[in-house]
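**Q** Work the whole structure out from these sequences, hints included.
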Amino acid sequence: MVAVLEILSWTCLVVGPILCIIGGIGLLRLPDFYARTHAAGITDTLGAGLIILGLILQAGFSLVMVKLIFIIIFMLLINPGATHGLAKAAYAQGVKVESEEEELDAATD
Amino acid sequence: MPLPIEIVLFLFLLSTAIAIARLEDLFAAAMLTGIFSLLSAGLFTIMDAVDVAFTEAAVGAGVATVFILCTLSLTAKREYQQPTKVLPFIVVGITGAALIYGTLDMPAYGDPDAVTHRHLSAKFIEIEERAMFSQNEHAVESARHGNEEKAVGLPNIVTSILASYRGYDTFGEVTVIFTATIGVMLLLRGRRHKKSFTSQSRSDGNDVVKEQPMRMREKIILRVVSKAFIPFIFMFALYVQFHGDFGPGGGFQAGVIFAAGIILYGVIFGLDTMRSAVPERVLVYGIISGLILYGGVGIVSLLSGANFLDYDILDTHNPAHGQHLGILLVELGVGITVTCAMTTIFYGLAGRGKQ
Amino acid sequence: MFIIAMTGVLLTMLIALIAALRGPTVFDRILAVNMFGTKTVLLIAVSGFLSGRPEWLDLALVYALVNFTGIIAVTKFSRFGNLASDHKRVKPW
Amino acid sequence: MHWLGLWHYWAVIILMMIGLYILIARDNLVKKVMGLSIFQVSVIMFYVSIAKIEGGTAPIIPESGNQLVYSNPLPHVLMLTAIVVGISTTALALALIVRIQEAYGTVEDGELNEIDGHSP
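Residue numbers (this note's numbering), protein chains in the order written: chain A, 1 to 109; chain B, 1001 to 1355; chain C, 2001 to 2093; chain D, 3001 to 3120.
Just to be clear, a hint being listed does not mean it is correct.
Below 30 Å or equal to it, Euclidean Cα-Cα: the simulated DSSO-like pairs (lysine-lysine) are [claimed, not checked]:
{"no.": "1", "chain 1": "A", "residue 1": "Lys-88", "chain 2": "B", "residue 2": "Lys-1219"}
{"no.": "2", "chain 1": "B", "residue 1": "Lys-1085", "chain 2": "A", "residue 2": "Lys-96"}
{"no.": "3", "chain 1": "B", "residue 1": "Lys-1227", "chain 2": "A", "residue 2": "Lys-88"}
Hints were generated in silico from the structure; no laboratory data involved.
Owing to the predicted nature of the structure, the values given are computational and were not obtained by experimental measurement.
**A** This is the structure we're talking about:
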């Protein structure tokens, strides 16, 4: 049982950072703002969530675990909320969806 | 092999600082100051200063950014382009070289035998450790009498020093916060002059202001999320306030977190709604009453025949309980003052644009 | 093993920092700053385990909560240009 | 190689100098305040790095009762209050800047000097 928990937590602690880095690369390389919000979403929820989950499995039943659970709940609720507000603000300011434009340009050519 | 976390964080900090210096877009620079303080708080944690990191996190990530943004909304959002000057570089270079030359005589980083660690703080740590480990009350008592030194007996040494050993100093700091807030109120509460300039008189193309009516349901997700979160922020602030004796935290941190919660409410629901929830008059009384609570504890101990802010006298049977009571009250006073001061400053800076 | 997690977090912080410094629009910067805040929470949490005293997760909690205030303020500023306006109508100033 | 142990202080000093450069070379008053806050953080970091003891932990005595090495708590106390005092004085500076904007219509140092009749 302990061994299973260990393996699970180490898997989380390895996969989480990898997902974070993948999302980060997406943040740098994706063409427009809205696509980049998607990349940020991977790091902020899945990557961060897996790392915290790994830490929870390491901590065992204690106050530390309760605090980590609170952190994971806050992250899972706050980040999508903030990103939503951000995307809405960007849309209201008229930030364009670039990839779609290129397709349109290609279609009209 | 230990990771060179400190080197990496320092490199991040330096590049952020250089970017702040180079950016002409003040809004972007304000966001980078947010990153800057997040990074520095991470570095404080690595350097074992958890209480400092706590304060920096609460102040830098939430409140400081909000204050700078409020100011930017009243002034220009871009600074003027200017040629790189040579003289400041020379001045800065000479000053930096002199300072680095000064460090050559200092003990190396992390040296346990440095002069700093050997005098006052070594004594504090020794006394507090003895008081903590001698669990029963009599042992604390004998430790006190044996050593002729007063002990506080709380796990968090920083809180003990802050509120008890150096309580007088902290009282001075709270007074500074009080005075600064009065200054902000005096500067910003008055009626605005009629023919005053606004930033719109010299808009420079980058103005993000657009007058657009906004319906309530447009922001429904943000409103629901923040409505769910503001109680958690307040609860967490209370936890920080009263748990500060045992873990990192205390009045200063709790005050800033509480104020951050109130400011979040104001940012989401607007200043008018915030005024009806937290009237400014209450805040003014709050600032004063927090300071009076702090000073009052000192006066009570003075009237009971001890020194100013000597909490031992508060419980004549058991001085340790007196210490704990004194620290609790003093931290509460600090928390109330800081909360009300930060919120008042936000009212002043954000409300200025609406008059 | 915590070291692997730490390295990953630091690398992601680097990427977020680059994105924040580069970001062509304001919103890209805000997105990067938000991501940076999340990564700082992870940094604090992992470094607590790395140093063997994980009791101070209060710090990570305060980041998670207070960072929200900052991000919301920045978002509102980028859209309305001030922080005072209420939800019913933006008053010109 | 005693000098290599000092690089923390040097990094802090470089940081401090960047803040000082913003403070004296930039004209915009809000930017100057940002430089001031960089300067302030670096001073705080200098104190905190003095307080660090190699192999030490944060100065909070654990309930388990293990004997630990603690970093020096005294600079932490001083800097903790300095941060909150710093933000309130920064707010005072920002309030002054808002009033300057209302009175002069600009927050650029050079323009302010011109309006006041001094040559920059």
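**Q** Now, for every hint given, state plainly whether the structure supports it.
**A** Hint check:
no.	hint	verdict
1	Lys-88/A to Lys-1219/B	holds (9 Å)
2	Lys-1085/B to Lys-96/A	violated (38 Å)
3	Lys-1227/B to Lys-88/A	holds (19 Å)
The earlier numbered hint that this structure contradicts is number 2, and it is the only one.
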